[in-house]
Amino acid sequence: MRSRLRFFDAIGLGIRGLSSRVARAVLTATGIAIGIAAIVAVLGISASGRADLLATLDELGTNLLRVEPGAGIFGNADEVPEEAADMTLRIRPVQQVTATTRAEATVRRNDLIPELETSGIAVLAADNDLLDVLRASMQHGRFIDDATAQVPTMVLGPVAAQRLGITDLNPIPRVYVDGTWFTVIGITAEMEIHPDLERSAVIGYPVAAKLFETTRSPTTIYVRASQEFIDDVAEVLPATVNPEQPDAVQVSRPSDALDARRAADEALTNLLIGLGAVALLVAGVAIANIMVISVLERRMEIGVRRAIGATRGHIRLQFLIESMLLAGIGGVLGIALGAAITIGYAASRDLTLAVPPQGLALSVLAALAIGAIAGLYPAIRASRIPPAEAVRK
Amino acid sequence: MTAFSFLADMTSVLELAGVDKIYPGPPPVTALNNVNVSIAAGDLVAIVGPSGAGKSTLLHMMGALDRPTAGTISIEGTDIASLSDRRLSGLRSHRIGFVFQDFFLINGITAMANVAEGLIYRGLGRGERTRRAQVALERVGLGARLRHLPNQLSGGERQRVAIARALVGDPAIVLADEPTGNLDSHTSEEIAQLFAGLNADGTTIVVITHDKDLAARFPRMIEMRDGALREAE
Chain A
10 MRSRLRFFDA
20 IGLGIRGLSS
30 RVARAVLTAT
40 GIAIGIAAIV
50 AVLGISASGR
60 ADLLATLDEL
70 GTNLLRVEPG
80 AGIFGNADEV
90 PEEAADMTLR
100 IRPVQQVTAT
110 TRAEATVRRN
120 DLIPELETSG
130 IAVLAADNDL
140 LDVLRASMQH
150 GRFIDDATAQ
160 VPTMVLGPVA
170 AQRLGITDLN
180 PIPRVYVDGT
190 WFTVIGITAE
200 MEIHPDLERS
210 AVIGYPVAAK
220 LFETTRSPTT
230 IYVRASQEFI
240 DDVAEVLPAT
250 VNPEQPDAVQ
260 VSRPSDALDA
270 RRAADEALTN
280 LLIGLGAVAL
290 LVAGVAIANI
300 MVISVLERRM
310 EIGVRRAIGA
320 TRGHIRLQFL
330 IESMLLAGIG
340 GVLGIALGAA
350 ITIGYAASRD
360 LTLAVPPQGL
370 ALSVLAALAI
380 GAIAGLYPAI
390 RASRIPPAEA
400 VRK
Chain B
305 MTAFSFLADM
315 TSVLELAGVD
325 KIYPGPPPVT
335 ALNNVNVSIA
345 AGDLVAIVGP
355 SGAGKSTLLH
365 MMGALDRPTA
375 GTISIEGTDI
385 ASLSDRRLSG
395 LRSHRIGFVF
405 QDFFLINGIT
415 AMANVAEGLI
425 YRGLGRGERT
435 RRAQVALERV
445 GLGARLRHLP
455 NQLSGGERQR
465 VAIARALVGD
475 PAIVLADEPT
485 GNLDSHTSEE
495 IAQLFAGLNA
505 DGTTIVVITH
515 DKDLAARFPR
525 MIEMRDGALR
535 EAE
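Protein sequences, first through last, are from chains A and B. Taken in order, the first sequence gives residues 10 to 402; the numbers are from this note's numbering. Taken in order, the second sequence gives residues 305 to 537; the numbers are from this note's numbering.
Only chain A is shown next, with the shape it has when bound in the complex (with noise of 0.2 Å):
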């Protein structure tokens, strides 16, 4: 003569426990919920975000260093040799060089326009390989080749063809630079980490020599080295590019900027996912409370379970399953929660989805574990109550 519960039957028990209290069931479980829901839109955002920004950076490469030969406080850019590209590349390490050099210039849109109103764009010297160094691409028609450098043509960045009011190259639009009528043959794509480009007109220097005496002296060196040495290269360019004056050389990594947003996300996520941790504990002990009161108040009902066989075993598994659904549904509204969320955030900022599945199969795990932690007080306390007791009047 033993006492046995069917599994299902055990579920079943659980079932009809949580929903003879809809109200409170639904308001216990919206804490799980909210939890749950804020880790997994944490988790998915920012996946989604750093699948972007990891690809954003493995395309332009870290090995990027940008030199600025005149630049610092004590730094005249006329006094910087021209020379200093060409010495840059003597340079072990380094595989790749181009130079960029201002013009004493601005562009207009026409001749009516006042020479004061310049929009902000520089106008740049560059070598042809520009793009090809900064592996940037275009956005519309092609980029100054040797032939091009020779004439009045022009490639815009994005943001100085939209300050101009040109979209694109139909019909082929001309602008006015100092004088002189200068044909757009191209516009580049954005470049996240070269918002001075963006900014800029660019011309071939054999142009820009002849029309604005622009030397060869470069404002804006691009050295590209290999990986493993870009420290030290970075450590010689100095005294390469400006052997009179390397105070004066400014050399950062642009792919910095990329990294250091990384590591701010990465500290932004490792925060909300803590606020959702915390929010999970605090309903875990919203769950505990519940579950107690709830064994307080269905004293009878064990007493009467005991009463037709129930072991002790039996009502603890008969609380801690309750517990547990508890948890699970909510558990399973935050993922459906987080997971709009997610879509929602990702859709709207075009971003590549990414929820990983096994944060989802993690999380109702977790929000399962909270109400087993949850409910075993509860449902030791329920079985320990003396049957001869609980049903006396």
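Bear in mind the hints are in silico, worked out from the structure with no lab data behind them.
Derived CB-CB ranges, DEER-like:
1. Ala-385(B) / Arg-393(A): 17 to 27 Å
2. Ala-378(A) / Ile-410(B): 22 to 32 Å
3. Ala-532(B) / Ile-382(A): 41 to 51 Å
Rough simulated footprint, nothing fancy, chain B against chain A, three-plus residues with beta-carbon under 8 Å:
4. 12-22
5. 321-328
6. 391-397
Every residue gets a Cβ at the ideal spot worked out from N, C-alpha and C, and that includes glycine.
Following the hints, complete the assembly by docking chain B onto the known chain A.
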């Protein structure tokens, strides 16, 4: 009712010998004081006495819901002192049926589901539980109320559902604690008749009541006072 009833007649279903129950204080309360009683198979016994006399405590002892401080309790020849809590639960699920004053039905599920609940700790499948529940409800005269919810039933009907729940597992003994305490006199009379009918079919029944008129109709009556028994003739 069964083929073994001639055998059962000779053995006692329930045997209490020198049973004391003292609730630890302070101050300690003696609920049962040297109780000796034997319930034979087929008995229909009323236990009467004023409130606080220890009737409920005695019933809980008889139903293996509680253990005595001293003395022995045997249910169908088994000394319950030797049984673990799990074994006691098993014993209750198979051999004992309880009826409570407040019915203790589950609201929101049908009469039949309530009765079937009495078998849930027997590990039987749902179909078998429902089938037996229907039989038990028919035995207590509620064959037409199978699918009613408790709050659609009268007090007397609810108590019948509770009695069906106690009967559904075919127990050796049915223990009822003030089963008519919440019912009017007419309905109480019906319940008394039901117990008499069930007993005539062979069910062993012990009923606690403070209603002496009701008790007087039962073949055997035990009076309780201050935790001690006095058999009435």
